Amino acid sequence: MKKFTLLQFAFLVLLCTNLHAQDAPSVEDRLAKTEGEISILKKVKISGYLQAQYQHSDTVGAGVVAGGSFAANSNQRFMLRRGRIKATYDGGLTQMVFEMDIIEPNPVLGTANAINIRDFYAKVTMPFYKDLSLTTGMQYRPFGFEQQYSSSMNEAPELTRLVNNVFPNERDLGAMITLKAPKEMELLHCITLKAGLFNGQGIAKNTSGNLDFISQLYFERTTKNEKISYRIGGSYYNGLVLNGDKSIYSMGTNSKGQKAFIADTADGSSNIYKSVTRQYYGVDGQITIDNPAGLTVLRAEYVAGTQPGTAGSSRSLDVDPKTNAVGATYMRDFSAYYLTFAHKIAKTPFQVVVRYDVYTPNTKVTGNEIISANGFGKGDIAYKTLGLGLNYFMTSNVKFIAYYDMVTNDADVLIKGAGYAQKLNVFTLRMQYKF
Amino acid sequence: MKRIFIAIALVVSVMNSGMAQKIKGSDTVLPLAQKEAEVFMKHNAGKKVTVTGGGSGVGIAALIDKTTEIGMSSRPMKLSEKMKVNESGGSSIETIIAKDALAVIVNPSNKVSQLTREQLEGIYTSKITNWKEVGGDDMPIVLYGRESSSGTYDFFKEHVLANKNYSSKMLNMPATGAIVQSVSQTKGAIGYVGLAYIETTVKAVKVSYNKGKTFVEPSVVTAKNKTYPIVRPLFFYYLTSSSKAVKPLVDFILSPEGQKIVSDEGYIDLK
Numbered sequence: 001m002k003k004f005t006l007l008q009f010a011f012l013v014l015l016c017t018n019l020h021a022q023d024a025p026s027v028e029d030r031l032a033k034t035e036g037e038i039s040i041l042k043k044v045k046i047s048g049y050l051q052a053q054y055q056h057s058d059t060v061g062a063g064v065v066a067g068g069s070f071a072a073n074s075n076q077r078f079m080l081r082r083g084r085i086k087a088t089y090d091g092g093l094t095q096m097v098f099e100m101d102i103i104e105p106n107p108v109l110g111t112a113n114a115i116n117i118r119d120f121y122a123k124v125t126m127p128f129y130k131d132l133s134l135t136t137g138m139q140y141r142p143f144g145f146e147q148q149y150s151s152s153m154n155e156a157p158e159l160t161r162l163v164n165n166v167f168p169n170e171r172d173l174g175a176m177i178t179l180k181a182p183k184e185m186e187l188l189h190c191i192t193l194k195a196g197l198f199n200g201q202g203i204a205k206n207t208s209g210n211l212d213f214i215s216q217l218y219f220e221r222t223t224k225n226e227k228i229s230y231r232i233g234g235s236y237y238n239g240l241v242l243n244g245d246k247s248i249y250s251m252g253t254n255s256k257g258q259k260a261f262i263a264d265t266a267d268g269s270s271n272i273y274k275s276v277t278r279q280y281y282g283v284d285g286q287i288t289i290d291n292p293a294g295l296t297v298l299r300a301e302y303v304a305g306t307q308p309g310t311a312g313s314s315r316s317l318d319v320d321p322k323t324n325a326v327g328a329t330y331m332r333d334f335s336a337y338y339l340t341f342a343h344k345i346a347k348t349p350f351q352v353v354v355r356y357d358v359y360t361p362n363t364k365v366t367g368n369e370i371i372s373a374n375g376f377g378k379g380d381i382a383y384k385t386l387g388l389g390l391n392y393f394m395t396s397n398v399k400f401i402a403y404y405d406m407v408t409n410d411a412d413v414l415i416k417g418a419g420y421a422q423k424l425n426v427f428t429l430r431m432q433y434k435f
Numbered sequence: 001m002k003r004i005f006i007a008i009a010l011v012v013s014v015m016n017s018g019m020a021q022k023i024k025g026s027d028t029v030l031p032l033a034q035k036e037a038e039v040f041m042k043h044n045a046g047k048k049v050t051v052t053g054g055g056s057g058v059g060i061a062a063l064i065d066k067t068t069e070i071g072m073s074s075r076p077m078k079l080s081e082k083m084k085v086n087e088s089g090g091s092s093i094e095t096i097i098a099k100d101a102l103a104v105i106v107n108p109s110n111k112v113s114q115l116t117r118e119q120l121e122g123i124y125t126s127k128i129t130n131w132k133e134v135g136g137d138d139m140p141i142v143l144y145g146r147e148s149s150s151g152t153y154d155f156f157k158e159h160v161l162a163n164k165n166y167s168s169k170m171l172n173m174p175a176t177g178a179i180v181q182s183v184s185q186t187k188g189a190i191g192y193v194g195l196a197y198i199e200t201t202v203k204a205v206k207v208s209y210n211k212g213k214t215f216v217e218p219s220v221v222t223a224k225n226k227t228y229p230i231v232r233p234l235f236f237y238y239l240t241s242s243s244k245a246v247k248p249l250v251d252f253i254l255s256p257e258g259q260k261i262v263s264d265e266g267y268i269d270l271k
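Sequence lines, in order, name chains G and H. First residue of the first sequence? That's 1 in the working numbering, and the numbers climb one at a time after it. First residue of the second sequence? That's 1 in the working numbering, and the numbers climb one at a time after it.
These are computed hints drawn from the structure, not numbers from a lab. Just so you know, these numbers come straight off a predicted model, no measurement behind them. Please note that the accuracy of each hint is not assured.
Said to hold, decoys possible - List time: in silico BS3-like cross-link candidates among lysine-lysine, alpha-carbon distance up to 27 Å: (1) G:Lys-256 - G:Lys-180; (2) G:Lys-224 - H:Lys-244; (3) H:Lys-213 - G:Lys-33; (4) H:Lys-187 - H:Lys-99; (5) G:Lys-347 - H:Lys-226; (6) G:Lys-130 - H:Lys-127; (7) H:Lys-66 - G:Lys-180; (8) H:Lys-260 - G:Lys-224; (9) G:Lys-347 - H:Lys-22; (10) H:Lys-157 - G:Lys-183; (11) H:Lys-187 - G:Lys-434; (12) G:Lys-347 - H:Lys-169; (13) H:Lys-84 - G:Lys-86; (14) H:Lys-84 - G:Lys-180; (15) H:Lys-78 - G:Lys-43; (16) H:Lys-187 - H:Lys-226; (17) H:Lys-78 - G:Lys-347; (18) G:Lys-183 - H:Lys-164; (19) G:Lys-183 - H:Lys-127.
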């Protein structure tokens, strides 16, 4: 009896297994389904990075560019310099990018612990001409090279004073076209034209009521032996900024024959909310050389133009003068340049960096001409920064940067008492995790 | 008890597949890499090597993304690719494992049996569109080539077409085998493939690089004695961080036994 029952049970199990096997999808069906799901997932890419660092300044309470000013009684700090998450959806001819920035509260700068949008744009490549695309939204400005270079890939920990003052936040809201000649026109295909209209206020809302025109044209090529890659380009910026005061200051000569800011109040109240010119010209060049000693990169950029600022700052205005009392507009002719040398040593994970950065916010005045009585101040001081650094790529995700900025400014004895002649040298030791 | 053993066996097999060395990339190198891997694994029980194709560009991209230990390529790594490796802090190592003669093939019924480089350039840029223009029958030329991710595509463009762009009429095939099949089935077809892929179903033409003074057929002998002009190195690329792990396999391929496999498979050894 027991044997018969076991046999029946075994038969039942076999029957159920066979039935189940007939219901199960084939390997080919499962593979096709999986491939379909993977092809959708492959369109989405998530990346991000975090930069945590220690900094030490030669001056307590130093007003530095690298990471913002130190607190009044401090010359060293740990800080979360940047935390960014980026999502990209690549639909072939279309693409959408979203990147947000998480910043540390900085009472000196007045920023709260905040999440800011960095990139938020859509790009459409024309199906009828694949070398023409339209990008709309929050994106890099098509000007120069450095401000379009990701902070995570930058050899130095910070961008130059040029970008920090003239292009704060590195992004702007607008629409841009990108155009290249067809691939068949080999040499012309190396030329790229980018041009667009932008708000001009960085990641803030448009406050001027005007749109700024920004464009660049560059030639980029690699030698046949794949040893040298080079790029050379020119950029142009033409915009307008709202003045929020009855006075607009421009460079002139005072009654003592000294250089001074002279107020234009002739128009009286009609100066309020008058648009003033913001115009830049730039040239840039980069060369990468694959050589027996490693990979060497040389970069240089020069920008000059007219920059509307305020009494104490040459930084581009990104607040609404109608709701924020920023004071009178100070018109300055500026120039700036930098030279970067970065060399990855042979097959080692080390890279040496040297950068020389010069920012002259007011080219018409220098040294002992910067007298506060003549309307000059911090916004007119030129800076020269020599940075030396060593990068260690521990893994493909983790990079350590040790960098020392040596800053000199042209503040003369006349303004030393005002605390302008600070020693602004800063040492930065940073760990970056990128995925 | 049986279930425990089966579970352990499953876990071990999954772990082993995860630890397998991966080689990915060039379709030209694929048959050679597969054979080398097979023999290497016979000599090294416990070591597993998986080999997949996709094209030189795909292999190098996988190396940059670190989804493969070795990227096999039939063209040198581009500077833009080296920069991407550099950006993640790595460095790539290039090793030539063999050489390959690139053959131009036509359908066996095609009476054309030799072409100059200039004629090949004219054909692949569609300046020459009919076989009668190069001494053949009155028959349109059907162009077959590889996709842009292929190192063979890049090499042929640079060395045979003198960097002129391919005709838009060229049919881009995803794999070398697909070119061989298409040319064997299409009377007016022409294609280019590595020497190791040539079968009796297609005919390799003789090529002249001196404007027709001498024509040389592709073979291991003519490639080795440098009379055949379209010969290229085949590469393994790997990162310095993986060099210790891949060294046994690379050393095996460069050894006399590994180089004999190169010759046996129809490639040109480095001796």
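Do the hints match the structure? See the list:
1. G:Lys-256 - G:Lys-180: violated (55 Å)
2. G:Lys-224 - H:Lys-244: Given pair G:Lys-224, H:Lys-244 is violated - Cα atoms ~32 Å apart, limit 27 Å.
3. H:Lys-213 - G:Lys-33: Violated. H:Lys-213 to G:Lys-33 sits at ~57 Å, over the 27 Å cutoff.
4. H:Lys-187 - H:Lys-99: violated (30 Å)
5. G:Lys-347 - H:Lys-226: Violated. G:Lys-347 to H:Lys-226 sits at ~33 Å, over the 27 Å cutoff.
6. G:Lys-130 - H:Lys-127: holds (24 Å)
7. H:Lys-66 - G:Lys-180: violated (32 Å)
8. H:Lys-260 - G:Lys-224: The given pair, whose Cα atoms are some 33 Å apart, is violated under the 27 Å limit.
9. G:Lys-347 - H:Lys-22: Roughly 22 Å between the alpha carbons, so the hint for G:Lys-347 and H:Lys-22 holds.
10. H:Lys-157 - G:Lys-183: Roughly 14 Å separates the two Cα atoms, so the pair holds.
11. H:Lys-187 - G:Lys-434: Violated, because 54 Å separates the two Cα atoms, which is more than 27 Å.
12. G:Lys-347 - H:Lys-169: With a Cα-Cα distance of about 43 Å, the restraint between G:Lys-347 and H:Lys-169 is violated, given a limit of 27 Å.
13. H:Lys-84 - G:Lys-86: holds (19 Å)
14. H:Lys-84 - G:Lys-180: Holds, at about 23 Å.
15. H:Lys-78 - G:Lys-43: holds (25 Å)
16. H:Lys-187 - H:Lys-226: violated (31 Å)
17. H:Lys-78 - G:Lys-347: holds (17 Å)
18. G:Lys-183 - H:Lys-164: holds (10 Å)
19. G:Lys-183 - H:Lys-127: Measuring from Cα to Cα gives roughly 18 Å; hence the hint holds.
Taken one by one, the earlier hints fail for this structure at numbers 1, 2, 3, 4, 5, 7, 8, 11, 12, 16, listed in ascending order.
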